[in-house]
Structures are given as C-alpha cells and as structure tokens.
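Visitor: The residues making up each chain are set out below.
Protein chains: 6
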Amino acid sequence: MRPSGRAPDQLRELTIEPGFTKHAEGSCLISFGDTRVLVTASVEERLPPWLRGKGSGWVTAEYGMLPRSTHTRGNREAARGKQSGRTQEIQRLIGRSLRAVVDLQKLGERQITVDCDVIQADGGTRTASISGAWVAMRMAVDKLMQAGAIGEDPIETQVAAVSCGIYDGTPVLDLDYVEDSNAGSDGNFVLTGDGKIVEAQISAEGERFDDEGLLRLMRLAKMGCTEIFEAQRKASAS
Amino acid sequence: MRPSGRAPDQLRELTIEPGFTKHAEGSCLISFGDTRVLVTASVEERLPPWLRGKGSGWVTAEYGMLPRSTHTRGNREAARGKQSGRTQEIQRLIGRSLRAVVDLQKLGERQITVDCDVIQADGGTRTASISGAWVAMRMAVDKLMQAGAIGEDPIETQVAAVSCGIYDGTPVLDLDYVEDSNAGSDGNFVLTGDGKIVEAQISAEGERFDDEGLLRLMRLAKMGCTEIFEAQRKASAS
Amino acid sequence: MRPSGRAPDQLRELTIEPGFTKHAEGSCLISFGDTRVLVTASVEERLPPWLRGKGSGWVTAEYGMLPRSTHTRGNREAARGKQSGRTQEIQRLIGRSLRAVVDLQKLGERQITVDCDVIQADGGTRTASISGAWVAMRMAVDKLMQAGAIGEDPIETQVAAVSCGIYDGTPVLDLDYVEDSNAGSDGNFVLTGDGKIVEAQISAEGERFDDEGLLRLMRLAKMGCTEIFEAQRKASAS
Amino acid sequence: MRPSGRAPDQLRELTIEPGFTKHAEGSCLISFGDTRVLVTASVEERLPPWLRGKGSGWVTAEYGMLPRSTHTRGNREAARGKQSGRTQEIQRLIGRSLRAVVDLQKLGERQITVDCDVIQADGGTRTASISGAWVAMRMAVDKLMQAGAIGEDPIETQVAAVSCGIYDGTPVLDLDYVEDSNAGSDGNFVLTGDGKIVEAQISAEGERFDDEGLLRLMRLAKMGCTEIFEAQRKASAS
Amino acid sequence: MRPSGRAPDQLRELTIEPGFTKHAEGSCLISFGDTRVLVTASVEERLPPWLRGKGSGWVTAEYGMLPRSTHTRGNREAARGKQSGRTQEIQRLIGRSLRAVVDLQKLGERQITVDCDVIQADGGTRTASISGAWVAMRMAVDKLMQAGAIGEDPIETQVAAVSCGIYDGTPVLDLDYVEDSNAGSDGNFVLTGDGKIVEAQISAEGERFDDEGLLRLMRLAKMGCTEIFEAQRKASAS
Amino acid sequence: MRPSGRAPDQLRELTIEPGFTKHAEGSCLISFGDTRVLVTASVEERLPPWLRGKGSGWVTAEYGMLPRSTHTRGNREAARGKQSGRTQEIQRLIGRSLRAVVDLQKLGERQITVDCDVIQADGGTRTASISGAWVAMRMAVDKLMQAGAIGEDPIETQVAAVSCGIYDGTPVLDLDYVEDSNAGSDGNFVLTGDGKIVEAQISAEGERFDDEGLLRLMRLAKMGCTEIFEAQRKASAS
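Order-wise, the sequence lines are chains A, B, C, D, E and F. Position 189 of the first sequence, counting from 1, maps to 189 under the UniProt record's numbering, and the rest follow consecutively. Position 99 of the second sequence, counting from 1, maps to 99 under the UniProt record's numbering, and the rest follow consecutively. Position 173 of the third sequence, counting from 1, maps to 173 under the UniProt record's numbering, and the rest follow consecutively. Position 18 of the fourth sequence, counting from 1, maps to 18 under the UniProt record's numbering, and the rest follow consecutively. Position 229 of the fifth sequence, counting from 1, maps to 229 under the UniProt record's numbering, and the rest follow consecutively. Position 42 of the sixth sequence, counting from 1, maps to 42 under the UniProt record's numbering, and the rest follow consecutively.
If you're looking for bench data, these hints aren't it; they were derived computationally from the structure. Quick caveat: nothing in here was measured; it's all calculated off a predicted structure. Do not take every clue at face value.
One copy or two, it doesn't matter: identical chains are merged, so the pair holds either way.
[To be verified] When the alpha-carbon atoms are kept at most 30 Å apart in a straight line, the in silico DSS-like pairs for lysine-lysine are as follows:
no., residue 1, residue 2
1, Lys106, Lys234
2, Lys82, Lys22
3, Lys143, Lys22
4, Lys196, Lys222
5, Lys196, Lys82
6, Lys22, Lys234
7, Lys22, Lys106
8, Lys196, Lys106
9, Lys106, Lys143
10, Lys143, Lys196
11, Lys106, Lys222
12, Lys222, Lys54
Taking the hints into account, I'd like the entire structure generated from these sequences.
Guide: This is the structure in structure tokens:
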C-alpha cells in the first residue's frame with residue numbers, strides 16, 4: 001500500500017500550465033502532485049565560444065531549488081557561492097535529455113537555455129523538470145518557426161521523464177518524497193515519443209536489485225511517460 | 001501621461017496570495033502588476049553564532065531573481081558563484097526593514113529567514129519583496145503564537161514599501177520597468193503602519209532633485225503604503 | 001551633549017591633503033577627525049566591454065578598509081575571497097555619486113577608477129570617501145585637460161557627502177563612531193555644488209523617524225556640505 | 001570490428017598493482033589497457049559533523065584527473081578553483097557504489113576516504129576507479145581488522161564496474177576512448193559479487209536505444225564484472 | 001652609475017613614522033625612498049584552532065598592495081576574489097621572518113597579526129614590510145609588557161630585510177623599481193640583530209650568478225641592515 | 001648520524017623513468033628515495049594573451065600533491081576551491097627555474113606547461129619536481145626539433161635542484177621528511193649545468209645561520225646537482 005493510496009502504476013495528479021511567465025519565449029509551471037517546477041526557455045542569438053561558426057545550435061539547461069521549496073530550508077546556492085554536485089548532475093541530465101530529441105543543425109546558430117526552478121519539492125523534481133522542459137522548448141521553437149527564423153522543425157520527437165522504484169517490495173511509479181526516502185532502489189527514466197530510451201539511471205543505496213527488477217521499473221516508466229506525453233501535447237498546443 | 005495610463009498616484013494592481021507554498025511557515029505570492037515575487041518565511045530554532053545565548057532572536061532576508069524573470073535572461077547567481085552587489089544591497093534592505101518592526105527579545109532565541117524570489121520582474125521588485133515579506137513573517141509568527149512558542153506578539157506594526165520617482169517631470173507612484181528606466185530620479189520608501197519612516201533611499205543618476213521633490217515623493221509613498229497596508233491585513237487575516 | 005563636545009551642526013576637523021601618492025593621476029588623503037581615507041583616481045584609456053564604441057566614458061569606484069583601520073581587526077577581504085555586501089553597497093554609492101556630476105560624453109572613451117581605502121575609521125567613511133573622491137577625480141580630469149586629451153570640462157559641479165543622525169533625540173551633523181553606534185536613526189546625504197540632492201539614504205534600525213526628522217537632517221547636511229565644498233575647492237586648486 | 005581488434009565481449013588488459021603507495025592504508029594502481037588510475041584508501045578516526053555520535057561510519061570518494069592524463073592538456077581543477085560537474089558526478093557515483101556493499105554500523109565511527117586519481121585516460125576512468133576503489137578499501141579494512149579495531153567484516157561483497165555501449169551497431173564491452181567518442185549510446189554498470197546491480201546509467205546523446213539494447217548491455221556488463229571480480233580477489237589477497 | 005645617482009652600497013632615504021594609526025597596538029609608516037608601507041600589529045587574545053591549549057602564541061602576517069600603489073592600476077585582490085601567488089609568498093615570508101626572532105612560549109596564548117599594506121610602491125615592498133613589521137610588533141609587545149600581560153620579553157633580537165642585486169654588472173643595495181626591473185639577478189635578505197641570516201632568497205630570471213656573486217650580495221645586505229636596525233631602534237624607542 | 005644512515009653528502013636513491021605517460025610530449029616519474037613525482041610537459045601552440053605576437057614563447061609550471069601522497073591525508077585543493085600559498089610558491093619557483101635555462105625567442109610562439117604531481121611525498125618534492133621537469137621539457141623540445149618545428153635548441157643548459165640543511169648540527173644533502181621536520185635551517189638550491197646558481201632559498205624557522213653555513217650548504221648542493229645532472233642526461237637520452 002502506497003502512503004498516498006495510489007495504485008503502483010498511478011502517476012500523481014499532473015498539470016502543466018503553459019505561458020506561466022511573460023518574458024520567456026516558452027514557459028510552463030508543471031506539477032506532479034505537490035512537486036511544482038517553473039520552467040522557462042530562453043532563446044539567445046549567440047552561442048558559447050566553442051560552438052561558434054559551425055552552423056549548429058545548442059540546447060542547455062540550468063536547475064535550482066528555491067531555498068524553502070523543501071521541508072526544511074536549504075542553503076541558497078548563490079549565497080554559498082557554488083552549485084552542489086547534485087544540482088550540476090541534474091542540470092547536465094536535463095540538457096542531455098533535450099538535446100537527444102533536437103537536430104542542432106536545424107536549430108541554427110542560436111542557443112536555447114532552459115531554466116528549471118523548483119518552487120515546491122515533493123520528490124521527482126528532476127523528472128518533472130525534464131517533462132516541463134520539453135513543453136517550454138516546444139513553445140520557444142514554435143515562436144521561432146512562426147517568425148520564420150527556423151525553416152524546418154528541429155524537434156524530432158517528445159521527451160519526458162519519470163521515476164520508478166521498489167517501495168516496500170513492490171515496483172511503483174512516480175515516487176513522492178515519502179516513498180523516495182524509503183525506497184530500496186529507484187531510477188529515473190527519460191523516454192522519447194517514439195518509444196526509445198534516452199537515459200536510464202538506476203541506483204540502489206539500500207537494497208541491490210536484479211535484471212528482472214530493472215525491466216519491471218522500465219515497464220512502469222513507459223506507462224507513465226505515455227500519460228506525460230499526452231499532457232505535454234495538450235499543454236503545448238494550447 | 002504614464003505609459004501604463006495610470007494616474008500619478010495610482011498603484012499597479014496589487015494582489016497577495018497567502019499560503020502559496022506548503023512547506024514554509026509563512027508564504028505568499030505578491031504581485032504589483034507584472035512584478036511577481038514569491039516570499040517564504042522559514043522559522044529555525046537556532047541562531048547565527050554571534051547571537052547565541054543573548055535571549056534575543058533574529059530576522060534576516062535573502063533575495064534572488066530567477067534568471068528569466070527579466071526581459072532578457074540574466075546569469076544565474078548560483079552558477080556565477082556569487083551574488084551581485086545589487087542582490088546583497090536588496091537583501092540587506094529587506095532584513096533591516098523587517099527588523100525595524102520586530103521586538104527581537106519577544107521573538108525568543110529563534111531565527112526567521114525570509115526568502116524573496118522574483119518570478120517575474122517589471123520594476124519595483126525590492127519594494128514588492130518588503131511588502132510581501134511582512135505578510136509571510138506575520139503568518140509564521142501567528143503559527144508560533146498559536147503553538148504557544150511565543151507569548152507576546154513580537155511584531156509591533158506593519159511595514160511596507162513602494163517606489164516613487166519623477167517621470168517626465170511629474171512625481172509618480174509605483175514605477176514599472178519602463179518608467180523606472182526613464183525616470184530622472186527615483187526612490188524607495190519603507191514605511192510603517194504607525195506612519196513612520198524606516199528607510200528612504202532616493203537616487204538621481206540622471207537628473208538631480210531638491211527638497212521639494214523629496215517631500216512630494218514622500219507624500220506619494222505614504223498614499224501608496226496606506227493601500228498596501230490594507231492589502232497586507234486582508235492577506236494575513238485570511 | 002555630543003561625546004566629542006561638538007555643537008550639533010559642527011563638522012569634525014576636516015583636512016584634505018592633495019597629491020598624497022605619486023603614481024595616481026589624482027589623489028588625496030581626506031580626514032574628518034580620526035577618519036582618514038586615501039583616495040586615488042586612475043585614468044585608463046580603455047572601457048569595460050559593454051561601453052566600448054559608444055563615444056562615452058565611465059567613472060567607477062572601489063572601496064576597502066585596511067584590516068586594522070577599525071577598533072578591532074577585521075578580516076582582510078582579499079584573504080576571505082570576497083567583498084562584503086557592505087563594501088559593495090558603498091562602492092556602488094560612490095560610483096553613482098561621481099557619475100551624477102560628470103558628463104560621460106565629454107569625458108571621452110576612457111575610464112576613471114577611484115579607489116577609496118580607509119586607513120583609519122571613526123565613522124563616516126563612506127561620506128568621507130565621496131568627498132575625497134571628487135577631489136581626486138577633479139585633479140585627474142585637470143591633468144587630462146592640461147594634456148589636451150579632453151576639450152570641454154566633463155565635471156558639471158562639485159559633489160560631497162556627509163552623514164547626519166538623531167543622537168539622543170537631537171539631530172546632529174557628521175557622526176563619529178560613538179554617535180553612529182548609538183544613533184536612533186541616521187542618514188547619508190550626497191549633495192551637489194548647485195544645491196541639489198544626488199542620493200539620500202536614511203535608515204532607522206532602532207527608532208523610526210518622520211517627515212520632520214527627515215527635513216531637519218537634510219538641512220544639517222546642506223550646512224555640512226557647504227563647508228566641504230569650500231575645502232574641496234581649496235584642495236583641488238592647490 | 002573494434003578499432004583495437006578486441007572481440008565484442010573482451011575486456012582490455014586488466015592489471016591491479018596493490019600497495020602502489022606507502023602511506024595509504026590501502027592503495028592500488030589499476031589499469032584497463034591505457035587507462036590507469038591510482039587509488040588510495042585513507043582511514044580517519046573522525047566523521048563529518050552530521051554523522052557523529054550515531055554509531056555508524058562513512059565511506060566517501062574523491063576523483064580527479066591529472067591535467068595531462070588526457071590527449072590534450074585540461075585545466076587543473078585546483079587552479080580553476082572548482083571541480084567540474086563531471087568530476088562531482090563521478091565521485092558521488094564512486095562513493096554510492098562503495099557504500100552499497102559496506103555495513104556502515106560494522107565499520108564503526110570512522111571514515112574511509114577513497115581517492116581516485118587518473119594518471120592516464122583512455123576511456124572508462126570512472127569504472128576503473130570503482131573497481132580499483134574496492135581493492136584499496138578491502139586492504140584498508142583488512143588492516144583495521146588485523147589491528148583489532150573492527151570485529152566483524154563490514155564489507156558484504158565485492159563491487160566492480162564496467163562500461164558497455166553500442167559501437168557501430170554492435171554491443172561491446174569496456175569501451176576505450178576511440179569507441180567511447182563514437183558510440184551511439186553507452187552505459188556504466190556497477191555490479192556486486194552476489195550478482196546484483198548497484199547502479200546502471202545508460203545514456204544516448206546520439207542514438208536512442210530500446211529495452212532489448214539495454215538488456216544486451218547488461219549481459220555484457222555481467223561478463224566483464226566476473227573477470228574484474230577475479231582480478232580484485234587476486235590483488236587484495238596478495 | 002645607478003639611475004638614482006646613489007652609491008652601490010647606499011640605501012634610499014629611510015624614514016619610520018611610529019604610531020601612524022591610532023587603533024592598532026603597534027603601527028608605523030615605513031618609507032624607503034618612494035616605497036611606503038603602512039604596517040600595523042594587532043594583538044588578539046585568541047589563537048588559530050591548531051595552536052590552542054599548547055601554552056604557546058603565534059605571530060602571522062598579511063600583505064596587500066593598494067590598487068594604485070603601482071605605476072599603473074592593478075586589480076584589487078578583494079574584488080578578484082583571491083590573493084595572488086606573489087601576495088601569499090610575501091606574507092608567508094614576513095610571518096616566518098618575525099617568528100624567527102620571537103620566543104612563542106614567552107608570548108603566551110595570544111596572536112599578533114601584522115598587516116603590511118603598500119601605500120606606494122617603488123621596489124622593495126617586501127623588505128620594507130619586514131623592516132617595518134618588526135617596529136610595529138615591538139610596539140605591540142611593549143604595550144603588553146607594560147600592561148603586565150607578558151612577563152619576559154619574547155622578542156629575542158631585531159629582524160630587518162633589504163634587497164640587493166646585480167645591476168649593470170655591479171652589485172647594488174636596496175634596488176628601486178627601475179633597477180629591479182632591469183637587474184640580472186637579485187635577492188632578498190632577512191637578517192637578525194645578532195648577525196645571523198633568517199632567510200635568503202636569490203633569484204636569477206635573466207642572468208645566472210655564482211658563489212662569489214652571492215657572497216657580495218650578502219655583504220651588501222649586512223651593511224644595509226645595520227642602518228635599518230639603527231632606524232628601527234630609534235623609531236620603537238620614541 | 002642521519003636517520004636513514006646516509007652519509008652527509010649522500011643523495012637518496014635517484015631514479016628517473018622517462019616516458020611514464022603516453023599522451024604528454026615529455027614525461028617522467030622521478031624518485032628520490034620514497035619521494036615520487038610524476039612530471040609531464042605539454043606543448044601548446046598558443047600563448048597567454050599578454051605574450052601574443054611578440055615572437056617569444058613561454059614555459060610555465062603547475063604543482064600539486066595527491067591528497068594521500070602524505071603521511072596523513074590532506075585536503076584536495078580542487079575540492080577546497082583554491083591552491084594553498086605553498087603550492088603557488090612552489091609552482092612559481094619551478095617555472096622560474098626552467099625559464100632560466102630557456103631562450104624563449106628560440107622556443108617560438110608556443111607554450112610548454114610542466115605539471116608536477118606528487119604521487120608520494122617524503123621530503124624534497126619541490127626540488128625533485130624541478131629536476132624531473134627539466135627531463136620532461138627536454139623530451140618535449142626534442143620532439144619539436146625532430147618535427148622541424150624549432151630550428152635551434154632553445155635549452156641552453158641543464159637545471160636541477162636539491163635541498164640541503166643543517167641537521168643536528170651537521171650540514172646534510174637531500175633531506176628526507178624526518179630530517180626536514182627537524183632541521184634547524186634548510187635551503188633549496190637550483191643550479192645549472194654550467195655551474196651557476198638560478199635560485200637559492202635558505203630559511204631558518206628554528207635556528208639562524210651565518211655566511212659560513214650558507215657556503216657549506218651551497219657546496220653540498222653543487223655536489224648533489226652534479227649527480228642529478230648525470231641522471232637527467234641518461235634519462236633524456238634514452
């Protein structure tokens with residue numbers, strides 16, 4: 001029995017509010033239950049030095065948690081003067097996930113920076129960030145295409161992410177904070193709209209798992225992402 | 001004529017949404033037109049080393065802007081590895097403003113940290129932060145009093161802030177970004193519920209001003225704060 | 001009665017020693033009683049990247065306190081690896097104050113950096129810095145004009161600063177350290193030679209003040225600056 | 001055909017030289033072909049503050065690359081003043097992998113810090129680090145047990161890691177630098193001596209993969225780790 | 001012929017102004033020609049953690065150059081966020097030099113921090129710092145002895161420093177900036193009042209030297225330090 | 001009697017293993033007894049900005065100690081976020097020593113960076129670094145000459161370094177850690193193949209020394225370097 005009363009393969013309530021801020025070329029507020037992430041996509045007509053003049057664009061991401069997005073207040077990374085290893089790990093993952101579905105040549109010599117800022121955390125902030133990031137990027141690219149800045153759509157397919165884990169012996173989908181803190185092992189899966197895997201990170205600090213466990217988590221992740229893809233399409237079409 | 005069509009002494013639409021996040025002891029989303037700041041107040045039963053064992057509490061504040069809260073994307077301070085001088089100046093101002101209306105002895109040996117994070121910026125983010133900070137702090141202190149942790153109310157009166165400036169020769173209240181960028185001189189006024197001044201910072205990078213100008217700005221600030229006090233009371237009572 | 005025995009509207013003994021160091025284009029050692037600040041103005045024929053090619057110059061300032069300029073030794077900011085929020089606030093204020101009286105177009109594409117280093121502190125280091133900064137800048141600009149590098153004088157008028165505060169219920173001019181530590185509220189006023197206000201920052205951490213208090217402080221500041229202007233003229237003419 | 005001429009399921013030549021340095025409680029130089037990592041395990045009779053007094057120990061890891069361990073010289077992280085996101089990601093992974101096979105209660109209130117420094121890099125430095133780290137930790141724990149400091153062996157089983165990827169359409173084991181740079185997708189697998197998975201991170205920046213691909217990589221990883229376990233046992237028994 | 005017209009064994013004009021600042025327990029402004037260094041000695045009744053409870057004191061030093069102490073303005077180290085290698089090298093040398101003549105047991109469990117801040121630089125700032133540092137330390141220790149805090153004098157003898165170098169083929173004493181920039185090799189010698197050597201650092205970036213050269217520089221250094229010792233005694237006795 | 005049983009003028013066992021790593025243009029592992037330093041020389045066809053376009057090259061060095069190269073584990077400088085003063089002092093010394101024997105004009109517009117990383121420390125790591133650095137640089141320059149990138153040999157002579165000190169009243173050569181920790185005074189001497197001195201740094205934290213002591217240390221250093229020069233020639237010729 002999950003603490004929230006959800007079925008093992010049940011996502012938390014998922015909402016995506018597109019256009020949450022007015023300045024960004026694309027943005028949304030994505031919520032998985034009490035986890036809420038504000039995502040913005042910013043288009044800049046310049047590239048990092050090592051990419052200039054190669055006819056190709058770039059997509060990158062940054063991630064942060066507001067100090068009191070969590071149960072107890074955490075240090076503000078800007079005040080501490082550096083980003084934690086966890087923060088860097090997550091923002092690298094978001095960037096790789098987005099680039100996996102973008103043809104950087106078609107994007108042209110410009111950069112899209114996606115900022116994922118966690119307003120409220122209850123588990124699964126990195127996967128919510130990825131799922132929201134695709135929506136914000138989609139909106140920003142649509143704007144570029146409408147303006148005629150890009151000819152052919154550089155986004156090849158959707159990308160979404162969800163966590164799964166083994167809680168109290170049972171594989172469950174979309175762990176909230178209570179489950180995440182007690183799961184023997186858990187994983188984050190990044191999947192694409194065409195049924196492929198982009199990233200899979202499975203980790204067992206407590207209890208080690210086997211092949212069978214891995215496959216069952218993978219299957220749950222596919223079910224979860226199918227729902228997320230649907231919500232992404234609705235949000236970005238509105 | 002103001003770009004927004006407002007009268008010289010007219011605030012932007014002001015809304016305060018209390019309880020915006022669930023973990024913080026007090027929180028609100030405060031909006032002055034398109035300027036939106038998420039404020040949380042966190043209570044911690046510990047003090048910075050230099051205050052321990054003196055029978056007194058502490059109130060402090062931190063401030064940040066999400067990278068794409070602005071018209072064009074700014075650097076993430078956590079990634080740059082330091083807070084700008086502007087950020088530090090603002091968070092020091094918010095902290096002083098709050099402490100000016102709190103009896104730290106009555107607060108007891110605990111610390112309230114107020115985080116002001118700008119979700120969307122359109123001028124006046126520091127004054128919106130102060131006005132929202134009082135609401136979040138009020139809610140956190142109410143919770144402490146209801147729990148019996150504090151006997152006597154340590155908050156002596158309200159505190160709110162607003163900007164005023166001379167735009168196109170006319171003193172105007174609550175400058176938005178367009179006005180702020182073009183004002184000859186402008187100021188931020190922090191006033192208390194009992195009609196006193198806590199901080200007044202008036203600055204003229206373009207056009208210098210005189211005593212008379214200062215007094216006219218002050219008068220506008222008082223009008224503006226009267227309205228903000230009313231909104232604070234409604235928000236924190238709900 | 002002031003601890004120093006001064007009248008409420010009496011400045012401390014003010015001396016300005018121009019040309020205190022030989023390398024800088026302009027320099028002085030300014031003293032208000034026991035507060036002593038070494039100010040240098042350095043001319044560089046280059047601009048920060050964001051200003052290049054716009055036909056305009058720049059004036060900026062940096063501020064520091066020697067570790068043992070104070071009653072007890074403070075940390076060396078270079079060793080700590082960062083400037084405090086207070087330091088940054090002050091150096092931004094000095095820079096704004098100077099720019100308020102300079103026509104940057106007439107300065108041409110060059111930068112003047114004014115360094116204010118506190119040799120000995122006894123209250124009022126930021127206002128002494130501003131008052132001395134004008135002298136060092138004036139000397140540096142005179143040198144540029146004598147060399148024919150600048151045609152028309154870019155300095156429009158003088159700028160000076162002084163602190164005022166309410167000490168033991170009485171408004172007093174030019175607070176020393178003992179007064180500053182005990183003042184209910186105090187302010188720093190930056191005024192120009194043509195009788196205008198450039199910056200006014202009034203703050204009440206202890207006791208809040210009202211309009212009348214603000215005006216009385218302002219009046220004292222004007223009296224104080226009149227004397228400082230006189231001393232600046234003598235120093236820079238020598 | 002692999003560039004090195006190896007069979008798809010063939011490891012590079014693997015050597016582990018135990019006791020490579022004399023000061024550390026445990027150490028080895030581990031080589032997978034041209035990839036060479038110097039690993040030391042240091043025992044300290046103290047704990048990080050957040051773990052003190054809980055009757056439990058800690059195992060952690062740090063990772064670094066010598067500036068010229070790579071084809072072209074990279075910046076020295078100590079000179080740049082910060083560790084890259086990649087470095088932090090790797091050292092967190094090494095630490096989690098080791099802790100997955102250690103009973104921290106049995107270790108007692110002490111810390112083992114494993115340092116993995118890459119002397120020469122040719123792909124697979126993080127997996128070589130993990131495989132060598134177990135050997136160094138095993139030696140250090142043996143020393144503690146021989147000294148009677150620890151009663152019961154806190155190491156539950158072996159842990160080793162290897163990379164696999166899809167190179168030119170074929171799943172291959174233990175990628176070298178040339179393969180790694182060209183692989184469509186690749187993964188790092190951390191497995192335990194009892195046949196379980198501790199971490200699996202599979203990533204596709206170029207080409208996305210499916211369930212079947214994931215399972216084939218997993219199978220290769222198991223084969224590889226079986227050989228590494230054998231080499232670890234020999235090295236740590238010597 | 002030296003650019004300054006001095007004889008090869010002639011010091012620049014040397015002045016030591018004791019008590020230059022009022023807060024420090026000891027202080028002086030020391031000048032060797034146009035090189036001017038402000039030195040303060042601060043006594044603190046506390047020790048760094050690694051020295052506590054050992055019945056012994058500590059003497060340490062910090063060094064800095066004001067940004068415009070030099071011909072062209074240098075970066076402010078506090079603004080850059082770190083001290084240069086040169087700065088650290090110099091402050092370590094000053095600290096070692098002072099400790100070489102102090103009996104730390106007799107000093108008792110307290111720390112003397114000597115700050116050497118270069119007001120104006122014209123070569124030889126590190127040796128001027130050491131020579132001035134002894135005076136400031138002497139004054140601070142005298143104050144401690146007069147107050148009865150220290151029984152027996154912990155300062156065993158004087159310490160002073162001077163530079164020598166081979167300029168245009170001739171060994172010369174006390175190089176100024178022009179000589180220093182052109183010397184084939186030069187050295188800094190730290191000598192004690194009892195005729196011993198504490199530190200000798202001789203370096204040849206341009207032209208290499210031999211034993212004979214080293215001895216001739218040493219002989220000049222002894223002559224120079226004899227004069228400096230005399231000036232130190234006068235200054236600290238006043 | 002030395003703790004190691006060596007004669008006063010006896011070096012520790014010296015070995016130089018050239019070509020220790022495969023990527024660097026030149027490299028060696030140099031050992032003086034238990035002190036082992038891995039040295040690599042990297043050639044880059046670019047220069048620091050301040051040297052570009054002057055027809056001259058540059059030679060520089062970086063130094064580091066692996067965290068557990070020492071008896072007890074030290075902090076990783078990359079994790080601490082800065083290099084210690086000691087590290088910077090040493091790497092500046094290595095760079096100066098190498099440049100003293102290189103004609104930078106003949107090197108052409110390229111940079112050689114020598115990295116010295118201490119694998120195991122037992123005293124004398126800075127002098128071992130210098131002695132090994134010459135070998136690695138020699139190999140890198142040979143490669144450039146063989147490739148025809150350089151016409152005339154820019155290396156004018158050899159450079160090597162050794163420490164000497166007064167241990168228990170006797171001048172001894174090549175101090176190991178135990179001797180170094182107990183020596184009254186010690187020095188590092190950098191000598192060239194043509195019998196000249198490049199750097200001499202003698203320091204007495206405990207016991208002060210005189211001219212005679214200095215000369216005796218110098219004589220030992222010459223003897224030691226003669227042996228090191230021989231080993232360098234053999235290693236770089238292989």
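Visitor: Confirm or reject each hint.
Guide: Here's how the hints hold up against the structure:
{"no.": "1", "hint": "Lys106 to Lys234", "result": "within (24 Å within a copy, 52 Å between copies)"}
{"no.": "2", "hint": "Lys82 to Lys22", "result": "both (29 Å within a copy, 27 Å between copies)"}
{"no.": "3", "hint": "Lys143 to Lys22", "result": "within (13 Å within a copy, 34 Å between copies)"}
{"no.": "4", "hint": "Lys196 to Lys222", "result": "both (9 Å within a copy, 23 Å between copies)"}
{"no.": "5", "hint": "Lys196 to Lys82", "result": "neither (35 Å within a copy, 36 Å between copies)"}
{"no.": "6", "hint": "Lys22 to Lys234", "result": "both (20 Å within a copy, 27 Å between copies)"}
{"no.": "7", "hint": "Lys22 to Lys106", "result": "within (26 Å within a copy, 39 Å between copies)"}
{"no.": "8", "hint": "Lys196 to Lys106", "result": "within (21 Å within a copy, 43 Å between copies)"}
{"no.": "9", "hint": "Lys106 to Lys143", "result": "within (15 Å within a copy, 43 Å between copies)"}
{"no.": "10", "hint": "Lys143 to Lys196", "result": "within (27 Å within a copy, 48 Å between copies)"}
{"no.": "11", "hint": "Lys106 to Lys222", "result": "within (28 Å within a copy, 40 Å between copies)"}
{"no.": "12", "hint": "Lys222 to Lys54", "result": "neither (36 Å within a copy, 40 Å between copies)"}
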